[in-house]
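Trainee: Build the full structure now, drawing on both the sequences and the hints.
Number of protein chains: 2
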Amino acid sequence: MENRILLTHGSGGKLAHELVEKSFVKALANPLLAKLDDSAVFDLSGKLAFTTDSHVVSPIFYPGGDIGKLAVCGTVNDLAMSGAKPLYLSLAFIIEEGLLQDELDKIVNSIQKATKEAEVEIVTGDTKVVNRGSADKLFINTAGVGIIPQGVNISGSNARPGDKVILSGTIGEHGIAVLSQRQGLSFSTQLESDLAPLGSLVADMLAVSHNIHCLRDPTRGGLATILNELAEQSKVSIRINEEKIPVREEVLAACEMLGLDPLYIANEGKLVAIVPALDATKVLKAMRGNHYGKSAAVIGEVRAENPGRVIMKTSLGTSRIIDMLVGDPLPRIC
Amino acid sequence: MENRILLTHGSGGKLAHELVEKSFVKALANPLLAKLDDSAVFDLSGKLAFTTDSHVVSPIFYPGGDIGKLAVCGTVNDLAMSGAKPLYLSLAFIIEEGLLQDELDKIVNSIQKATKEAEVEIVTGDTKVVNRGSADKLFINTAGVGIIPQGVNISGSNARPGDKVILSGTIGEHGIAVLSQRQGLSFSTQLESDLAPLGSLVADMLAVSHNIHCLRDPTRGGLATILNELAEQSKVSIRINEEKIPVREEVLAACEMLGLDPLYIANEGKLVAIVPALDATKVLKAMRGNHYGKSAAVIGEVRAENPGRVIMKTSLGTSRIIDMLVGDPLPRIC
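Protein chains in written order, with the working numbering: chain A, 62 to 395; chain B, 62 to 395.
Check each hint, because a few of them may be wrong.
Just so you know, same-sequence chains aren't split out, so a pair can sit in one copy or run between any two.
[As the list claims (entries may be wrong)] Straight line, CA to CA, 16 Å or less: simulated EDC-like cross-link-like pairs of lysine to aspartate or glutamate: (1) Lys305 to Glu362; (2) Lys108 to Glu157; (3) Lys146 to Glu178; (4) Lys146 to Glu180; (5) Lys296 to Asp322; (6) Lys75 to Asp384; (7) Lys198 to Glu157; (8) Lys96 to Glu293; (9) Lys75 to Glu293; (10) Lys343 to Glu293; (11) Lys108 to Glu63; (12) Lys343 to Glu157.
To be clear, the hints were calculated from the coordinates, so they are not data collected in a lab.
Mentor: This is the structure we're talking about:
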């Protein structure tokens, strides 16, 4: 008989303790987690970053990733986007009664691998189980704590006219990969999510410049939405050049078929950096030297006029205003 | 027409930004949250506590509380149980499409009040919306960061033979209050959850003694389960005296009617402290001086023999072994 998660696994009682010890603490082993106190306790001093993300992606497995790796990378990347070195994560499961133990084990294994690559530790956690029909298989929240190196001051409100806008690579893979799995679409080439932890990429960038003004990862709402956020927060306009934005053929083809715009499709392994023009070349070089920044490119610049606007020069040579995402073509993508 | 939360509110796009700004940032106003960057950034140095809890209580409103106040108190209390002064919380919503905006506003209002009482700030957040039928109204995850005063070293593994076991008040109210609301039971007196933030109670205790060995809040699995956890972690036995454990008449009556044991019913505003015998009197006095510790009592002591066991002297004078919760009489109580 297949083992399945029962309501009792969320009771705080005996089965719950067994699940935590056998399935979680063993796989994610580290001394802080193993203490099993109500909080993890550690020494840390300086400018800290703290963030949270819940993950409700459907389906929970998809080409290039799963909800476990996503939960680690999502929070690691949010920490990295503040310039922080990600250190400690919390991990909270909401499980629908009936989830296969095998599926949960696969997810935990994938979490373990992702924490290893990202060089972070899961130090505290929580497990809730809800009755069948009250959730959709599995939701995962991760929160995270990281430390920001001295002299680094990154915020969405720091973009200045004249700054260059750098994108770390091709856009749209995550959203299209999840969508293709969900809807059983098949493309000529198997398209995979770009899901990746970006801590090392940010560290490589900070190693050559502490003057990076903004970092943001274009997840939900895609590149268009986060450029709008940055333009609004910094009270500047952002001009981008369509021809400079790298998009893979398979993503373009899928978007065309589905009537979607890659500018609004979620990514999970990309970032946008806004840096002073003087530092752009060395930051770009550092990015291209990292596995997750190989296709990095300057895609535009920051201007003073029309604050809050994002304007794209199209490949036809015309200009068009790029708005934030309105509506939601792809729910539950992360 | 009634306003309801739509899938689009979780898209990361325009409606999502409006929801965050109008419903969350405004109500929970503080400078860290208002920055709207991917992480909150603050200076902090020392021994930190970090914890997480997801809340899936059903129904989301019940006598004496709601899922919002619970989400704040749950995490505040987990931090306090490590001896930490709770400081910063994250707040992550998973909303089922169709939730009434009014209900969400009520919850956010209740979160705001609870953070004010607990003297903590919500500094970072996340909102996901899932389609109808993929969640049950609203789930909330909070994670939290606090700072542990120098010289304080509290852990479930620190209980020593001879220590006294102190309980901060009556048990069973939270579980019975939620259950009565869920099942439409009515008791002669309206029973309310004991839901409360315990940071000030712990601070009052630490003000008279830095020698507190263990603190734990008897939530899921109740008093019986957490005493078992402490006995196991510390490799000691715990003897308790049934007559010393305060239980309200209404809880006893409800438990009798429903065939439940108050020892296994969840509390959300109580704690167990294990302290050296020498410090017990002053810690007890400090607890009774705090609103949330008025009915505090010494309920037992720690012994060396039979490590891992919890043994109760019953009101009939016999002894019985108190095991951890097996099964789950009350799912989704927190």
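Trainee: All hints, please: hold or fail.
Mentor: Quick rundown of the hints versus the structure:
In this assembly of identical chains, Lys305 and Glu362 lie within 16 Å of each other by CA distance solely inside one copy; the values are 12 Å within and 71 Å between copies. With identical chains, the CA atoms of Lys108 and Glu157 are never at most 16 Å apart, being 38 Å at best within one copy and 36 Å at best between copies. Taking CA atoms no more than 16 Å apart as the test, Lys146 paired with Glu178 passes inside one copy only; the shortest distance there is 13 Å, against 33 Å between copies. Taking identical chains as interchangeable, the C-alpha atoms of Lys146 and Glu180 lie at most 16 Å apart only when both belong to the same chain, with a minimum of 9 Å there against 28 Å between chains.
In the homo-oligomer, the alpha carbons of Lys296 and Asp322 never lie at most 16 Å apart, since the shortest distance is 25 Å inside one protomer and 60 Å across protomers. Within a single copy, Lys75 and Asp384 get their C-alpha atoms only as close as 52 Å, which misses the 16 Å cut-off; across copies the closest is 9 Å, which meets it. Proximity of Lys198 and Glu157 under a CA criterion of 16 Å is satisfied in both settings, with 5 Å inside one chain copy and 14 Å between copies. Taking the shortest Cα distances, Lys96 and Glu293 sit within 16 Å of each other only across copies (12 Å), while inside one copy they are farther apart (44 Å).
In this homomeric assembly, Lys75 and Glu293 come within 16 Å of each other (Cα to Cα) only across copies, at 12 Å, whereas the closest approach inside a single copy is 51 Å. Within a single copy, Lys343 and Glu293 get their C-alpha atoms no closer than 27 Å, and across copies no closer than 56 Å, so neither meets the 16 Å cut-off. Taking the shortest Cα distances, Lys108 and Glu63 never come within 16 Å of each other, neither inside one copy (48 Å) nor across copies (44 Å). With identical chains, the CA atoms of Lys343 and Glu157 are never at most 16 Å apart, being 48 Å at best within one copy and 46 Å at best between copies.
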